[in-house]
Amino acid sequence: MTAVLGCAAAPDSVFPRLEPLLMQVSKPVQYVGGELNSVVKDWAACAVRWCLMYPDAYEVGQPNQGVQILYEVLNELDDVLAERTYAVWPDLEALMREHGIPQFTVDAHRPVGAFDVFGLSFSTELGYTNMLNALDLAGIPVESRDRDDTHPIVISGGHAAFNPEPIADFIDAAVLGDGEEIARTVTGIVRDWKAEGRPGGRDELLLRLAKTGGVYVPRFYDVGYLPDGRIATVTPNRAGVPTRVSKHTVMDLDEWPYPKKPLVPLAETVHERYSVEIFRGCTRGCRFCQAGMITRPVRERSIDTIGAMVDAGLKASGFSEVGLLSLSSADHSEIAEVAKQLGDRYEHTNTSLSLPSTRVDAFNVDLANEFSRNGRRSGLTFAPEGGSERMRKVINKMVTEEDLIRTVTTAYAQGWRRVKLYFMCGLPTETDDDVVQIASLARKVIEAGRQASGTRDIACTVSIGGFVPKAHTPFQWAAQLDHQTTDVRLAKLRDAIRADKQYGRAIGFRYHDGKPGIVEGLLSRGDRRVGRIIKQVWLDGGRFDGWSEHFSFDRWMNAAEIALANEPVNVDWYTTRERNRDEVLPWDHLDSGLDKDWLWQDWQDSLSEVEVEDCRWTPCFDCGVCDTMGTDIQIGPTGRQLLPLTVVNGKNG
Amino acid sequence: MARVQRQPDARDVAPAVQRLRVHFAKRGRLRFTSHRDFQRVFERAVRRAGVPVAYSAGFSPHPKISYIGAAATGAASEAEYLEISLTERWAPDVVRKTLDDALPPGFDIIEAVEPAPGARPLADRIDASHWLVTLGGVSTAALAAAVDAFMAADTLPVERVLKDGRRTLDARAAVVSLIARGEPVGFPAEPVGEASGPESGGVAETDPVGRYAILDLVVRHLTPAVRPDDVLTGLRLVSDLPPQMSPLVTRLAQGLLDETGRLADPLAPDRAVAAGSPAAAGEPVA
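In order, the protein sequences belong to chains U and F.
The opening residue of the first sequence carries number 1 in our numbering; numbering runs sequentially from there.
The opening residue of the second sequence carries number 1 in our numbering; numbering runs sequentially from there.
By construction, these hints were calculated from the structure, which means they are not laboratory data.
Hints are supplied without guarantee of correctness; some may be wrong.
[Said to hold, decoys possible] Residues from chain F that face chain U, not an exhaustive set, calculated with beta carbons under 7 Å:
id: 1; residue: F32
id: 2; residue: T33
id: 3; residue: D37
id: 4; residue: P104
[As the list claims (entries may be wrong)] Simulated crosslink set (DSSO-like; lysine-lysine; CA at most 30 Å straight-line):
id: 5; chain 1: U; residue 1: K261; chain 2: F; residue 2: K64
id: 6; chain 1: U; residue 1: K260; chain 2: U; residue 2: K340
id: 7; chain 1: U; residue 1: K444; chain 2: U; residue 2: K501
id: 8; chain 1: F; residue 1: K97; chain 2: U; residue 2: K41
id: 9; chain 1: F; residue 1: K97; chain 2: U; residue 2: K261
id: 10; chain 1: U; residue 1: K27; chain 2: U; residue 2: K315
id: 11; chain 1: U; residue 1: K393; chain 2: U; residue 2: K492
id: 12; chain 1: U; residue 1: K27; chain 2: F; residue 2: K163
id: 13; chain 1: U; residue 1: K492; chain 2: U; residue 2: K515
id: 14; chain 1: U; residue 1: K315; chain 2: F; residue 2: K64
id: 15; chain 1: F; residue 1: K97; chain 2: U; residue 2: K260
id: 16; chain 1: F; residue 1: K97; chain 2: U; residue 2: K315
id: 17; chain 1: U; residue 1: K261; chain 2: U; residue 2: K41
id: 18; chain 1: F; residue 1: K64; chain 2: U; residue 2: K340
id: 19; chain 1: F; residue 1: K64; chain 2: U; residue 2: K27
id: 20; chain 1: U; residue 1: K41; chain 2: U; residue 2: K27
Backbone N, C-alpha and C fix where the C-beta goes; we use that ideal spot for every residue, glycine too.
Input sequences plus hints: build the corresponding full structure.
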């Protein structure tokens, strides 16, 4: 089924065999490709061929920025081609297995096994079983050690790659951080190795990648364990392989204005808009936030590049919505100008602008107003994250109750009808009381809102997610709250809201049970032994674990029981156990730039409810990233303008 | 305590000054798009192409495009219709070409015409469809026998799951004509374009051994609609045709059924008026 690695003859398209089956599956359009701005290149004319995968259903994976950026960055190279594949739903999987059709790309319907590099982007660990399934459907052995020179090199990236240990047996390599530059570096190494006649086979190629210091190859590191199950050591087992592998940081976002030509799907997807990252990184220092920790420092894209990207992206796609993305978009040093000038440019064009707004302050409401000039003011989202003042100090989310009330009052007074508040449950040191206080906060929000708006026709939705401790954060040592306690705590909050006769009906409450969070926690802070659980779950039929209708907690727990039967550790050990300072963590050899001592100090500060400022506006607090990585904060204001301004009025010129 | 009222300003909405009727095709792999998929693709193409579409007023303005009787997901079509309103007058053929260039290969704009003043609504000019269904694994002779049995039946109740649950439809009642064929007469050629690439489209290869057969079908539009699928179900009820025949369904035409069982082109009256011979339109002005 698999083609010889890098064969010159193009592998046959599987489409003629796939097409007769498509009327038997749901939403067949997701498998046919043909998206605007997709690229099909001549197989034989390309020296290096990448298959990129976002390991979830097409409707979720297609809009993924990481994959779209790499797809374009790679396809811009003359002798390189990149195609995409997504997880197929079980209905098609069954037919593919029955008819011997391998995992295929949507671009040219080529078999994934025929490519040189198979790159997977994980923004969540819950895609791991989908990776195993895709490998198997592609005819690629799921375990790295069983692959030979005919198989692609399997590389993982994305935020979950900062602890790839649970999938160390299944991937050949992992890359940490921004992918634009390292994808081209990897391409160059593969190109040279192939041109030289593949000296030393697969092993030599992996060694060349590992020696760059920027590609983690798990097989070149041995993990030793203590009798109690903790890790003793992680040591390189090859000469020339670095002790620690560094993350990658793109320093000038203006040099990488991708996506230039966004992929426009035929099928319906979760985000249908032109998205532009207005900056990367965040130094607000929220202690639960892995993204904010591993993407430091802050690097802004300049206002004129943003303006040019939005203009070109809308023209190339026909999208009617623009999303200005980042971890905290209102923090861009020129966001007010960006908002106003984009608002001017697209007034009366039925183009909507959106800013994932989470910061709790009045400025955010001003921005939201700017973005809703023509439209209805329906809902605004704020994320206080912690229910009580005390919790917000623990997590370093510096928002007082006063701030929150003032902000929502402004929003309601200016015509917004619904405010959504996002919180977490299960944070370190949290008690029932910290969570139940959310009910009284929501009550005050409605009270203030009715006064400010002069109407009872306003609502507040409380949305709660379970906290999962993540690698490379100050909470990497913390105990995760067990799912039973999570559920009990959330039930108390629900009861408190329902018991409120006066305001309860205006307060919506959305939450999920605690079980999926435990599996996410297991995968987030797991080590190589967790890989056996993942494989067992996949063998037992586990797929699409991010989808509640496919997720099975029992399947995971049963698999863990089998896979860890001869180990001194279990699921609780990985999740609800607090770690000591001296414990070797599974990801200690992977360098996010954060100084472990600084993280520990921040963890201790958290327990003492001490807050830390943002280094953009206060002196450096030595988190370690800039020193280690040779980076610095890059923020404006630049004082420049969006574009030589032309007002688009929707009329044809 | 002033309650904030935000009403969109009606003056912001440019009025429609021209309406166009558009005939388009859904071909090749794009037959797997749903009607909603097509709508999104079409609206984006309109934006990219800069065609001055009119928008509805209100808080969430929508482009003024209306669709007439879309073919189901999985069915290709040579005869789909929509109407679009513009805020500036454009020559119909310029709109046709501009949109056709902006749409992916497989969604092809065949014609755009301006309706004659006082013309009947397009929907009133369509009451039947002509379908061609290519069936795999079936000989023409076996299909012909099934067709004879089907046409001989007075009624053929078939079940289908609709939005409001299981419904029983009479597949026979809607069928005006049904013919089994061995040759793909009049079958549209596969469009040539980038996205088609080396892959096959929706057309089965001609097979001289007869492992495929073609069904030529004219169906009257009833409520609920009887689809080619329902006719296939009916054929299976009266014969031993296999359950899986990988049907490739293509709508060849839509229009008003005349006494001879033929379909009148729904744009013909408008085309005739546009060409300056209203008498040729043969349609009383409403």
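Cross-check of the supplied hints:
1. F32: With a closest approach of 4 Å, the F32(F) hint holds.
2. T33: Hint holds; T33(F) Cβ to chain U Cβ min 5 Å, cut 7 Å.
3. D37: holds (5 Å)
4. P104: holds (6 Å)
5. K261(U) / K64(F): holds (27 Å)
6. K260(U) / K340(U): holds (23 Å)
7. K444(U) / K501(U): OK: K444(U) and K501(U) at ~14 Å, within 30 Å.
8. K97(F) / K41(U): With Cα atoms ~27 Å apart, K97(F) and K41(U) stay inside 30 Å; holds.
9. K97(F) / K261(U): holds (23 Å)
10. K27(U) / K315(U): holds (28 Å)
11. K393(U) / K492(U): holds (23 Å)
12. K27(U) / K163(F): holds (17 Å)
13. K492(U) / K515(U): holds (17 Å)
14. K315(U) / K64(F): holds (21 Å)
15. K97(F) / K260(U): Given that 30 Å is the threshold and the Cα spacing comes to 26 Å, the pair holds.
16. K97(F) / K315(U): holds (18 Å)
17. K261(U) / K41(U): holds (16 Å)
18. K64(F) / K340(U): holds (28 Å)
19. K64(F) / K27(U): holds (27 Å)
20. K41(U) / K27(U): holds (26 Å)
Figure legend: structure checked against the earlier numbered hints; every hint is met.
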